[in-house]
Amino acid sequence: MGSMAIRTDSLTKRYGGVTALDGLDLEVERGEVVGYLGPNGAGKTTTIRLLLGLIQPTEGRAEIFGVDCHRQPVEVHRHLSYVSGESNLWPSLTGAETLYLLGRLHGEVDENYQQELIDRFDLDPSKKVRAYSRGNRQKIVLIGALMARPELLLLDEPTSGLDPLMERAFRLCIREARDRGQTIFLSSHIMSEVEALCDRVGIVRDGKLIEMGTLTQMRHLSALAVEATFDGVIPNLSNVPGVTVTEADGQVVRCQVQGSVEPLLRVLATAGVTRLVSREPSLEEMFLAHYGAGDPSGELDHVAH
Amino acid sequence: MSRTNLAHRLQHPTHFTYSSRTVVFALTARKMLRSGVLWGCIFGISVYSSAISYTSIYKTQAERAALAAAYGLNEATSALFGPAPGLQTVAGFTAFKVSMTLMIIGALWGLLSITRLLRGEEDSGRWELLLSGQTTRKVATAQVLGGLAVGVIALWALTAVITILTGLDSKVDIGATSALYFALAMVATAVMFVAVGALTSQLGGTRRQAASYAAIFLGLCYAVRMIADAGVGVHGLIWLSPLGWVEELRPLTDPNPLALLPIIGFTVVVASVAVSLAGRRDVADSTLPHRVKANGRFFLLSSSIGLAFRMVRPAVVGWWVAMAVSGLLYGLVAKSAGSTISGSSISNVLSKLGARGAGAEAVLGVCFLVMAMLVTFIGAGQLSAARGEEADGRLDNVLVSPKSRTSWLGERLTVAVSVLMVGAFEAGIFAWLGTASQNAGVGFAKLLESGVNLIPPTLVILGVGVLTFGIRPRMTSIVTYALLGWSLLVVIVGDIGAMSHWILDTSVFHQMALAPSVSPNWEANGVMVGVGIACAICGGVAFKLRDLQHE
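If you read the protein sequences in the order shown, they are chains X and Y.
According to the working numbering, numbering within the first sequence proceeds without interruption in unit steps and concludes at 305.
According to the working numbering, numbering within the second sequence proceeds without interruption in unit steps and concludes at 551.
Read the hints as simulated data drawn from the structure, not as lab findings.
Any given hint might turn out to be false.
Derived pair list, reagent style DSS-like, types lysine-lysine, alpha-carbon separation capped at 25 angstroms [stated by the list, open to error]:
id	chain 1	residue 1	chain 2	residue 2
1	Y	K138	Y	K59
2	X	K128	Y	K293
3	Y	K31	Y	K138
4	X	K127	Y	K31
5	Y	K544	Y	K403
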């Protein structure tokens, strides 16, 4: 079995003239927790469905634990569980019946852990699926995936519909899974979730992976957010190399600094600065920075650059 | 679609203009107009076929009088298909031949359409989206009924137009007024069961429940009408059944417009109650109490094939009961009907359909043709259910486990074939029980063989359906039911005797020998089974290679 949990090589999916995924090269090590970010239609779900063998690649290939996802999907599925953001279950079954079925389909269930998960997620398994709220249906899918303790968890918007308490329970489960050595591939829109859980993050845009690395690496490459408060005349910062002013509010100026901060500090030293705050960008800011160029309104450009 | 094209289409709508207050009506009307036109054509063609076949088979007044004498007072056929008071005329024969079939089809069309549009939309969550607009539950329900009325009007108009055109033939001679009244009678059950379906959509908790309640009511109506028409001195019961009211309209023979009163009254009352209940109950809830919780019952849930059996169980049980009842009824009336037609010109009609011989066996040959259609419906329904699993995304849950697509499809086909085989065997066994109770003299082995003979045509339709499922999954139900409908239409129209054998050969029912009136054609059956299996294998390979497709 291969050392990589996930490996894709020029993985491409086209629907007619539309390219949903464009030459994806991705590697996920065993035991890693990888976040996968992108706006709607960027190709996140397409990537996961290709990894699951539910759709066929137009070009390229994908492997899970060294097994070809397209040619040997059954062998691939022995090692993973999948959570979809759309919990499509059988409405006439109860929660308990659904979990029993999912367990039998997968073949391996830790029944004690299943009960523990039911308690943690505060699920009443005696209800029929049609009577559950969306969040409760999502809990069933999550429990169904986690209870098998698979080597790889493929999670596509797994916390859709969950309340904050349940999101916290989910994060705890994922951390435990990571500690057990399970690999987790998490597609999500919730930046705080990805920031809290993931070792590495990939950002996909228009079907292409445009950024992949640890949060530290990505922060290093991203702009520094600086907020300066002046007590006198505000200097013109827009001409300072590497500086983009994002907002001026009275005596307060907010800007982004790309590269060295030295030119900015030289200008600020000659002005009357009463307060200076700088911080690393959040994942959300980094994400928006990557997508700002695609925002037709220019709103995101304003924030990011 | 490019942004420019989309913007252009939004600015220049080509169909209905969606006012915010009538959007539900417009959406429903658009859907139902197409359906009404399609079924109106089928209704009209059935009328045309019957009228023309009568004029070509019964050319002389003597032949027509003989037919009326043989069939007109037969209580068995009266119980099954309704009374036949005017068989000596084209109009009377046409009314007798198509009325009961079209009444039942109309009722099913009505109840299935309305339960899909009301409860089905609610099940999917789309209903809430519509209700978030400038409407209320009550108004939206009324608008769906109004939109469905557009479909009913299309159904009525097409049936009427084709009947009028058919009546222009001097040999047929059905006047425009009679044709309009006849078409009205033919859509009357559709109208009533739209109202019934609207009511059951408020009572049941799911679309399946709503449709089942309405179908059970339809079955009861048919049973009451049957007893009333069976000549056992209780004809007054006819006024207890909505199907009886339509029968009492007596189109093309002895029109009785007064019978419209209970039809209108029933429709208005039931539809009003439905709209009222829609306004009172919560969305996604039901009026009748339903179980939100249940003790876990894990039988059949240990495998995907078990799951498939469990999911289709309610519908399958319904079909099996229908097959058993049909077989028993046909068996009970076969001897009586057969003795009446022996030596009469009606046997010409049966022989045109492919039934040979005389007596009970000739009648049963045609009855088994009807049951072949039912068995085919079972097969088509199983395939639609399989596609539904994929369309709704539930199949993903199965296929992300260590289960191959080939294995899953094989299991679904095993379920489908098992279900339809049980239905086919039931047809033979229960028909034998009926004939045995009447001492009709048709052996068990012969009727069991006739039941087995129903399977090959279904396998062809199932195979073509699987092929479509593999290549164009979204077309699965359309192609499967279209082939079924086409085969049915060719058999109906084919009895006029003027159809090319190339066209006749495209009907799977035409390929089936009408056992027990003749021996099953095992060679043709073998070819049909082979075609079905070949199509299924090709479909299976295509399914393995394609993407899963949600709706």
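A quick look at each hint next to the structure:
no.: 1; hint: K138/Y / K59/Y; verdict: violated (56 angstroms)
no.: 2; hint: K128/X / K293/Y; verdict: holds (6 angstroms)
no.: 3; hint: K31/Y / K138/Y; verdict: holds (20 angstroms)
no.: 4; hint: K127/X / K31/Y; verdict: violated (35 angstroms)
no.: 5; hint: K544/Y / K403/Y; verdict: holds (12 angstroms)
Consistency note: the structure conflicts with the earlier hints numbered 1 and 4.
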